[in-house]
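Trainee: Okay, here's what each chain looks like letter by letter:
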Amino acid sequence: MKTAFVKYFFRQALTNIADNRMVHLVGIGTIAIAFLIFISFILVYVNINHWTDELGKSLTMSIYFKGRPQSIEVEEIKKELINIQGVTIDKFVSKEEAMEVLAKELGDKAGLLSGLHENPLPASLEIIFSIADREDSLPYSIKSKLEKMDIIDEVQYSQEWTRKIKAIMGGIKLIGSILGGLLFLATLFIITNTIKLTVFARKNEIEILRLVGATNLFIKTPFLIEGSIQGLLGGLAALMILFAAYMTVIIRADFRIGFATLDIVFISPFLTVFLLLMSVIVGFAGSSIALGRFFRT
Amino acid sequence: MMIQLFNVCKSFGPKNPAIVDIGLKIEKGEFVFITGPSGAGKSTLLKIIFCSEKPTSGNALVNGINLNRIRERELAFLRRKIGIVFQDFKLLPNRNVFNNVALCLEIAGVQYSIIRKKVHQTLRHLGLAKKERYYPPQLSGGEQQRVAIARAIINNPLILLADEPTGNLDPDLTMEIMAVLREINERGTTVLVATHSQELLKNTGKRIVTLNKGRIVK
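Line order of the protein sequences matches chains A and B. Taking our numbering, the leading residue of the first sequence gets 1, the next gets one more, and so forth. Taking our numbering, the leading residue of the second sequence gets 1, the next gets one more, and so forth.
These aren't lab readings, by the way, just hints derived from the structure by calculation. All C-beta atoms in this analysis are idealised placements derived from N, C-alpha and C, irrespective of residue type, glycine included. Please note that the accuracy of each hint is not assured.
Stated by the list, open to error - Which chain B residues face chain A? A few, computed with CB under 10 Å, are given here:
(1) Ser52
(2) Lys54
(3) Gly58
(4) Arg80
(5) Phe86
(6) Asn94
(7) Cys104
(8) Ala152
(9) Asn155
(10) Glu176
(11) Lys218
Unchecked claim - Below, a list of computed lysine-lysine pairs in the DSBU-like style, where the Cα atoms sit at most 35 Å apart:
(12) Lys131/B with Lys173/A
(13) Lys213/B with Lys203/A
(14) Lys2/A with Lys90/B
(15) Lys213/B with Lys28/B
(16) Lys203/A with Lys202/B
(17) Lys117/B with Lys203/A
(18) Lys173/A with Lys78/A
(19) Lys28/B with Lys196/A
(20) Lys90/B with Lys196/A
(21) Lys91/A with Lys79/A
(22) Lys54/B with Lys203/A
(23) Lys145/A with Lys95/A
(24) Lys213/B with Lys7/A
(25) Lys54/B with Lys91/A
(26) Lys7/A with Lys130/B
(27) Lys7/A with Lys81/B
(28) Lys196/A with Lys131/B
(29) Lys203/A with Lys90/B
(30) Lys47/B with Lys2/A
(31) Lys213/B with Lys2/A
(32) Lys15/B with Lys7/A
Kindly generate the complete structure, drawing on both the sequences and the hints.
Mentor: Structure, rendered in C-alpha cells:
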C-alpha cells in the first residue's frame, strides 16, 4: 500500500476521533469497563493456576501416626517405603518436634499452647516423590496401603489439594468463558454502535467520496482504524486500571493458605500483548459490522 | 467515441419519466451543451453518464464501458476519469478549500508534494489562491462553484460534466468559468455542460442538445 494512503487513513481516523471525541470517550470508557471485568477473571485464573503449579512442584506425603509410635514401627514403614523407586524419606517429626514447629510459627502467640494439657499434634513421617508424571498412580497406591495399617491415623498427599483446586479452576474457567463470551459480544456491540454513529454523521462525506471515485476500501479503512484505536485504548485503559489495582493489593495484602504465603502474579507480558491484540481485533470487528450494515443499505 | 447512449430511459416511478428513449453519441474532445427548461431531464442525463443513476432501460457506454454491467471497483476508477461539477457543489464543509480540491488526488494515492503543487496551481488559475484555508461555508456561492470546478479538473479528467456551472455567478465570472471550461476542452477533455441559460449558448459555436420533457427535441 502506498505511504500516501497510509498517511491519509491515519490522519482521517485521528481527525474522526477528534471530531467525535465525546462519543469516542464514552465508547472507550464502556469498552474499558467490559474489558476490565474480563481481564480480572483472567487474573484470578492466572493466579490460581500459578498457586496450583507451585503446590504441585512439591509432591509430598504426610503420614500421621496414631498416638506415640514405637521407633521400630516407624523404621519398618521407612524400610518398606525406601525400596520403592521415586520415594525419598524426608524426615520423621515426633509429637514434640511438631509442637516446637507450631510454637515457632505462632511466634509471640506461642504462649497460647501452654494452656494445653496434652500435646494434640500427631507424629508424622514426611516423604517426597520424584515422579515425572504427576498423575502417576504410585502415591495413591502407597496412600491406600498405609491407611489400612493400624498405627496410621491419616495420610495426606499434596497432589490431592492441587486436584481439588484444579476442579475449582475448571468451574472458574467455565464461568470465565461464558462471561468472556458475553463481554466480547457487549464490547462488539458498543464499538459497532459508536462507529455507526460516526458513519451516519459522515453520511454526506461518504457519498461525496464515492462520487469523486473513492473505492469502498478507501472509504472504510479510516473507520476500521478508528474502531481498532478505540478497542486498543479501551483495552489499554482496562489493563492499566487492573495493574494499578494489582500494585495496590500486593503492597497491602498478605495472602495465606494455612501458613503458606501465596504470592500474587500479574498477567504475563505475552498474555498482556495477546489481550491488547484481542481488544484491537474486537475494535476492528465492531467497525466492520457497522460499516457492513451501512454499505449494504 | 467517448459517450454513447442507446435508447436510454429513466423513470422515477411509473408515471414519472425523467428521460425517454435518449440516443446520443459524443466524440472524444467534444464540447456539448445540454439545454432545456427546468425538469427537462438535463441533470438526470448527466447522472446517468456519471453512473449515479442507472438507466431503467437502454444502454449507456462511457469510454467503452457499459454502465449497466460495471462493477463497484471499476465504477470508482471510472469516476476518477470523470470530473463533475454538481449544481449544489457537494463540497465537504469540514474541510478547507485546499483539502476539498486535494481529495481527488488523495483518492488516487498521489504524493503530498505533488498534491500541494497541483492544488496551488489550480486554485491560482481559478482565482482562489487566497482562499485556500477557508472553509466552504465561509465562501460565496460563486467561490464555492469555482472550488467545485477546481476539484473536477484537478485530475485532468477524460470527461468533465458540469451541471449549471454558472448558475450562481455574475456575468463577468460566468465568462471566466466558461473560459476555464473551454481551456480544459482544448486540452482534450470532453466537456458536457447542462444549462438552462440561453445567454450562455449565444455564439458558442459548440454543439447544443436540447431536451424537453425527457426527450431530445433538437
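Trainee: Provide an ascending list of the numbers of those earlier hints which the structure does not satisfy.
Mentor: 2, 3, 10, 11, 12, 16, 18, 19, 24, 25, 31 and 32
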